[in-house]
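**Student:** Residue numbers (our numbering), protein chains in the order written: chain L, 1 to 501; chain Y, 1001 to 1485; chain A, 2001 to 2096.
Hints are computed from structural coordinates only; laboratory data are not their basis.
Since we're looking at a predicted model, the values are computed, not measured.
Do not rely on the hints blindly, as some may be mistaken.
[Claimed, not checked] Heads up, simulated EDC-like pairs for lysine to aspartate or glutamate below, C-alpha to C-alpha not over 20 Å straight-line: (1) L:Lys459 / L:Glu469; (2) L:Lys36 / A:Asp2006; (3) Y:Lys1087 / A:Glu2072; (4) L:Lys36 / A:Asp2083; (5) A:Lys2023 / Y:Glu1341; (6) A:Lys2012 / Y:Glu1354; (7) A:Lys2023 / Y:Glu1349; (8) L:Lys302 / L:Glu74; (9) A:Lys2012 / L:Asp278.
[Unchecked claim] Derived Cβ-Cβ restraints for the label pairs, each shown as a range: (10) Y:Ala1235 / L:Lys224: 38 to 44 Å; (11) L:Pro305 / A:Pro2067: 31 to 37 Å; (12) Y:Ala1235 / L:Ala301: 44 to 50 Å; (13) L:Glu263 / A:Asp2056: 35 to 41 Å; (14) Y:Asp1058 / L:Ala301: 58 to 64 Å; (15) Y:Gly1337 / L:Arg271: 46 to 52 Å; (16) Y:Ser1246 / A:Arg2090: 49 to 55 Å.
Quick reminder that beta carbons are idealized off the backbone N, C-alpha and C, glycines included.
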Amino acid sequence: MSNVPSDWEVVIGLEVHVQLHTRAKVFASSPWGFGKEPNEQVDPVVLGLPGTLPVVNREAVEKSILFGLVVGAEIPEHCAWDRKNYFYPDNPKNYQLTQKDFPVVVGGQVEIELPGASRNVMGEHKFIRIHHAHLEEDVGKLSHAGSGSLVDYNRAGVPLLEIVTEPDLRSSAEAEAFLRSLVAMLTQAGVADCDMEKGQLRCDCNVSVRRRGAEKLGTRTETKNLNSISSVRDTVIYETARQIRELEAGRSITQETRGWNAELARGYVLRDKEDAHDYRYFPDPDIPTLKISRETVTRLAKQVPENLYDRQRRYVEKLGLPYTAASVLVNDRALAEWFEAAVAAHPANPSGIANLVANDLLRDLAASAGAAGAFDEAAPAPVSLASCPIKPAQLAGLVKLTDDGVISKQQAKEVFAEMFKTGQDAAAIVDAKGLRQNSDTGELEKIVQEVIADPAVAKSIAEYRAGNEKAINALKGPIMKRTQGKANPVLIDQLLRKFLA
Amino acid sequence: MADALHTLSAAELGRRLAAGTLTSRALCEALLVRYQAVNEKVGAFTHLDQADVLAQADASDARRKAGQGRGPLEGIPVAIKDNIAVKGQPLTCSSKMLAPLVSPYDSHVAERLRAAGAILYGRLNMDEFAMGSSTENSAIRKTFNPWDLARIPGGSSGGSAAALAAGLVPLSLGSDTGGSIRQPASHCGVVGLKPTYGLISRFGLVAFASSLDQIGPMARSVEDCELLLNALASADARDMTCFGPSDRALTAAGDAKKLRIGIPKGFLGKGVAPEVAAAVNAAVEFYRAQGCAISEVELPSADLAVPTYYVVATAEASSNLGRYDGVRYGHRSTAAGTPVEMMTASRSEGFGPEVKRRILLGTFVLSAGYADAYYVRALRARAKIRAEYLAALAGVDVLLTPTVPTPAFKVGEKASDPLQLYLEDIFTIPANLAGLPAISVPCGKSGHLPVGFHLVGAPLSEAKLLAAGRLFEAAHGYAHQQAAL
Amino acid sequence: MAEGFDIDHLAKLARLSLTAEEKALYSSQLNQILGHFQALADADLPATIDDARVVDEAALRSDEPGPVLGAEAVTRIAPASRDGQISVPRVVDDES
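My request is simple: use the sequences and hints to build the entire structure.
**Tutor:** Now the structure itself:
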């Protein structure tokens, strides 16, 4: 993959544009959503008709604040909007309302986890600082048709939170890990859906390289409008290699804006600094400075879910889960909460529950659902627990039956499959199928004694008594056979050892 | 009697309509007759849909007959400046750029007028995009001063003022960014009020300079002006700069004879014509005789007002007018290859010279390397001017000056000298920069040309300005004056 | 204060095409106006801008979807349209 020569260091900063989860647009009451006919989600304000004015959507502001609280940012007392002036047919007012000087979120950090040596080994953790996040409006969409272009303003005015990192990322792997972590945090807090197939998350990627040990940052390039995690990763790899090649050939890097062609896996120059826009920013006179009350911040702070990696640490350290299961569970807040509800119903064996959830339940849910998310091809498909036929307490009941020795682990798989099919309780299935193991000591003692008396097993008994522990297993088969497999294996073992002692 | 309906005040028309001695239809028919006779000469209106007017009048008469009258403006025509959106009517801003546009929505004030039962009566000429002081910048037609058809009516709400002075309509709406209501009111001998910034929603007012623009009422008397103001002023959640319901309480009028009136030092020296100075001084003496306390006040940064205004206003305008590019609505050039060429050609064909001049100026003062020297300094100067006005208004109730230094000039006289024209607004601009209410009230003549005086008050002191105006007009013969045409 | 005034650059930024006569006229008029703005450069001004325009969250809009114009109304006022979309000359990547 990425082979950065060891004497070079790459420095990456990301600007992530996320469409916030709201019903109406950010400065207008027009609804928005994916898959509508062109220009059906446009009102006079969105179209920039003369005389129309923006009014800020409360939910968009609160979702932005919530993001800030999720990453431990400061929420300043005041925020304000500015106009960024540039002409483009997809930009209805020919200025974009954005926040240049007084963003809604300042600072904060995102914890990331790098890939471990193998799938069941946890990788290194790092913190990536957020410079700020500001709330702005999306633009419309252009498509080409013959000799002309067509404009659809449905997307214009959709709330966008632009999250700007410090240049803290040092590899394509870190950039990938950051985006995964960010997406998990945004979706788990309900700030955004981050459906990349629908363009709900787009990235601008700033890359520079420098000689390892150098303090001064190299000249950076900005690659715009990347719409998948793999495009970000590939852009970093491509840009790093390109810049090192240029510098090693004695050339210099031009500060430029670039595009990325995902099909050709190649970057290209959009414009250099000479063509840089003069955006003529100034405070929007239509939107007064907004005071954010501390009551609002306190109220929203209560909605912040447990941090992804705090949860993971808790699962591993307090619940004793293997890393593999913990890492799967924490990626999906609903799944983790489902798991915790099951643990609450049967606190004795979290690992047993985790294994069933992370393996069997996820597998069956995925099979009954569909494809994976588009921005992040590597991530598991998001599953819907809403339609899950098994309730957490039911799963806990199944694990408890196994733990109590009522059914074997092998039988548990069979019962699970039936539960997923019918939604019935484990105990009911066990009874209906007559799977309940025989724990009647009196009857079992009789059978055990009969089997021991059988000359066919005399050799095994002699070996066992001579110190071969495993030889005892040869006696269990005939006992199981006589009980039609219903005997409790734990009990059989105990009785055998008692009578052979 | 019907032939004199165009001379009556809105208040008197309202009384007759309420008494059942007049119908809205009869009133509108009379005004349409007047329109046929006079509008060609004056050029106040750019559009009037007579069938629509009569349909509205019939609807009003039917409401009244059914006992569902909506108040004092029921059945009374209000003409509207062509930069205020009325659904189904043109919204041209007197520009070629928007000539094809029919508004698909109502402004807040249009909704208010409908809710009050008023007749939305035609579109009034203006300087293109409200940029000008003479209405000569209209791309649609010329408007002339009814008192002297060789002269300008003032601007940018020239059509709004001329329509009143010509007896074409009893009430009109204007908009005021630097004096665009008050200056034409003064030139046409009518009353014009620019409310406190935020009192009337700007939703549906085509933006020139958003932080300065206000819609305001115009009429032939202070009483009528107040009637219209009351119908317009209300909270509107669609304009974040409009006061909310809880913080829009107007200061009580009090006793107009006890007003403390401040005269800004040096203001009568600044190129003010002698007849204007004489008329304004006579107004001052009138108030003194009524018992008002007259004192001189200092406004040291007054000289900064015009440059500050032209930096702020053109900066905002350069951005506000960016949306006119021929893509979504309005004029699109046919001579175009790429989108950039299409937009550039559409804008170059669609905008007139003054609009282009101001867009260029505004683009310059915001551009990289210059914004700090111009735009940011202008914001600081604006803060200083505002602070000085608020300090002065802590000691007096109103500030009294001429509205305009000189009476209406001749058509074409200042067309080639933009800077000279910008100085027309020297007395009116500070109220916009400081967001203060201000009114122009007729107070005399310079020869045959009307002259007005100008009162500025503290935020939300409209009632005081109106009370002061009523006191003056009750003792003088300028209310309801109309030019002989 | 007006040094560096570049009419061609401004016209490009503002998306206006000017004839040679217009350029000459506007340049001279803008220079005259900017000269008048000298008072602004010379003035003793406060360092901070006292922004009186602050609103609290009560001024915000609730997240309730409202009415839309509909593609028919949007394209009716558009100078050119096709299939519910507004048509423009072909956009080259990042032509702006």
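**Student:** Using the C-beta atoms of Pro305 (chain L) and Pro2067 (chain A), is the stated range 31 to 37 Å upheld?
**Tutor:** holds (35 Å)
**Student:** Does the beta carbon distance between Glu263 (chain L) and Asp2056 (chain A) stay inside 35 to 41 Å, or does it fall outside?
**Tutor:** violated (49 Å)
**Student:** Between Lys2023 (chain A) and Glu1349 (chain Y), is the straight-line Cα distance small enough, at 20 Å or below?
**Tutor:** With a Cα-Cα distance of about 15 Å, the restraint between Lys2023 (chain A) and Glu1349 (chain Y) holds, given a limit of 20 Å.
**Student:** Lys2012 (chain A) and Glu1354 (chain Y): Cα distance at most 20 Å?
**Tutor:** The hint holds at about 18 Å.
**Student:** Against the 20 Å threshold, does the CA-CA distance of Lys1087 (chain Y) and Glu2072 (chain A) hold or violate the hint?
**Tutor:** holds (16 Å)
**Student:** Under the criterion that the straight-line Cα-Cα distance not exceed 20 Å, is the pair Lys2012 (chain A), Asp278 (chain L) satisfied?
**Tutor:** Holds, at roughly 11 Å.
**Student:** Is it true that the C-beta distance of Ala1235 (chain Y) to Ala301 (chain L) lies inside 44 to 50 Å, as the hint says?
**Tutor:** violated (31 Å)
**Student:** Measuring from beta carbon to beta carbon, are Ser1246 (chain Y) and Arg2090 (chain A) in 49 to 55 Å?
**Tutor:** For Arg2090 (chain A) against Ser1246 (chain Y), whose Cβ atoms are near 52 Å apart, the range 49 to 55 Å holds.
**Student:** State, for the Cβ atoms of Asp1058 (chain Y) and Ala301 (chain L), whether the hinted interval 58 to 64 Å holds or is violated.
**Tutor:** About 60 Å separates the Cβ atoms of Asp1058 (chain Y) and Ala301 (chain L), which means 58 to 64 Å holds.
**Student:** Does Asp2006 (chain A) lie within 20 Å of Lys36 (chain L) when you go C-alpha to C-alpha?
**Tutor:** violated (45 Å)
**Student:** Does the Cβ-Cβ separation between Ala1235 (chain Y) and Lys224 (chain L) fall within 38 to 44 Å?
**Tutor:** holds (42 Å)
**Student:** Sort out whether Asp2083 (chain A) lies within 20 Å of Lys36 (chain L), counting only the CA atoms.
**Tutor:** The given pair, whose Cα atoms are some 13 Å apart, holds under the 20 Å limit.
Comparing the model with each earlier hint shows violations of hints 2, 12, 13 and 15; every other hint is respected.
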